[in-house]
Amino acid sequence: MPLLLDLYLTFFKIGAFTIGGGYAMIPLIQAEMIGRGWMAAQEVTDIVAISQMTPGPFSLNAATFAGTQIAGIPGAIVSTFGIVTPSVIIMLLIAKFFLNFQHNKHVQAVLSGIRPAVVALLGSAFISMASSSLFFSGMGISLASVDWICVGIAAAAFASLVWLKLHPILMILASGVVGVVLFTLLGL
Amino acid sequence: MEDTAVRRPERSFKLLLQLFATTFKLGLFTFGGGYAIVPLLQKDFVENKKWIDSAEMVDIVALSQAAPGAIAVNASVFIGYRLAGVPGALFSALGSALPSLILLYFITLVYKEFAANKYVAGALRGIRAGVAALMIQAVYKLGKPALKDLFGWIFAFICFAVVLFTDINAVFVILGGGLIGWLYSLITGKLKKPSGDKKGGAEE
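Chains A and B, in that order, give the protein sequences. If you use the numbering used here, the first sequence corresponds to residues 973 to 1160, in order. If you use the numbering used here, the second sequence corresponds to residues 780 to 983, in order.
If you're looking for bench data, these hints aren't it; they were derived computationally from the structure. Wrong hints could be hidden among the right ones.
Unchecked claim - With a straight-line Cα cutoff of 20 angstroms, these simulated SDA-like cross-link-like pairs (lysine to any residue) come out:
| id | chain 1 | residue 1 | chain 2 | residue 2 |
| --- | --- | --- | --- | --- |
| 1 | B | 793 | B | 829 |
| 2 | B | 828 | B | 924 |
| 3 | A | 985 | A | 1020 |
| 4 | B | 891 | A | 1022 |
| 5 | B | 828 | A | 1142 |
| 6 | B | 828 | A | 1138 |
| 7 | B | 828 | B | 803 |
| 8 | A | 985 | A | 1065 |
| 9 | B | 829 | A | 1139 |
| 10 | B | 829 | B | 791 |
| 11 | A | 1077 | B | 967 |
| 12 | A | 1137 | B | 827 |
| 13 | B | 897 | A | 1020 |
| 14 | A | 1077 | B | 955 |
| 15 | B | 829 | B | 787 |
| 16 | A | 1137 | B | 823 |
| 17 | B | 891 | A | 1025 |
| 18 | A | 1068 | B | 787 |
| 19 | B | 793 | B | 865 |
| 20 | A | 1137 | B | 833 |
Sequences are here, hints too, so could you generate the full structure?
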């Protein structure tokens, strides 16, 4: 099979079978990349690290990284499209079903339980983000390991979002600039 | 913040381009994990453009999380389909995928230097703190329309505890939530069928 087709199908498989969020696909990526001799174990670890430093979903970032390393631009394109294709197909089916049946009382009943679950998951995503961004890593969660400058940035960000109604994208840009000034330039 | 009624945009090629541009823009700024796109979708599609209402957004996030694949891509496909059918879904999917493809391609070429770059590190440290603030605001903005009664609130806290203290996969939390929601409706009599009514049909 030509490499590009193989890449596409491999990432299609990874995208189709990963349930529950990007990081769940790490074992699958490892198995496929290393098993096929496309990447070394260290490179797979690098994928994870880099994908966390870049915007965008982890799965797409990982696919592009791997595809680039394996086959340059065509590899990047094919891997990324591969991992995205199952999403498109499945979500189109789900959307069509949902839009036809959303007023059905059984669907509404199911949704009445799903909505709180989603809010809870969002809450736990907040907890994850807060614990990784507001505490120094490797020191556990305690008063001693609080990254107070980051707490200050988060508080300022919150104030700007809620009271200044700052657009989230502007807030993110501003946080980045503040980060560069405080941490890189001033070395805090 | 009061939601005024949504006005669905007129379907046109311009709408397709707008969907592409919006999902592309949001994809560029989604830092910190799949859920980080939720507040961006909320701000753009619900508050600014008013093409989707907040109650719908909760459902979109739920379905996007439950389905395999990245939440950002799933949600983009759903919203695109909602607003402009299959073409809308495709333009949105493309918009959500291209920022990663382009950025990561270039970053991969210099990734060792990128990972070691002090400007990148400083910016990220600030951005991640900002995203934490964004996430807590998102919990409030989605929580308000999503949790309309005592059951909703209590169940949300139970789910939160489950997610925090167990390793249960998010998808099972959602599916389990759906099942429990259905059972609860059954028990509280919300699913009583008038004669001649069939399960599975669309109802008004």
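Results for each hint:
no.	hint	result
1	B:793 with B:829	holds (17 angstroms)
2	B:828 with B:924	holds (18 angstroms)
3	A:985 with A:1020	holds (19 angstroms)
4	B:891 with A:1022	holds (9 angstroms)
5	B:828 with A:1142	holds (17 angstroms)
6	B:828 with A:1138	holds (16 angstroms)
7	B:828 with B:803	holds (16 angstroms)
8	A:985 with A:1065	holds (18 angstroms)
9	B:829 with A:1139	holds (15 angstroms)
10	B:829 with B:791	holds (17 angstroms)
11	A:1077 with B:967	holds (13 angstroms)
12	A:1137 with B:827	holds (12 angstroms)
13	B:897 with A:1020	holds (19 angstroms)
14	A:1077 with B:955	holds (18 angstroms)
15	B:829 with B:787	holds (8 angstroms)
16	A:1137 with B:823	holds (13 angstroms)
17	B:891 with A:1025	holds (12 angstroms)
18	A:1068 with B:787	holds (17 angstroms)
19	B:793 with B:865	holds (15 angstroms)
20	A:1137 with B:833	holds (17 angstroms)
Going through the hint list in order, the structure satisfies each hint without exception.
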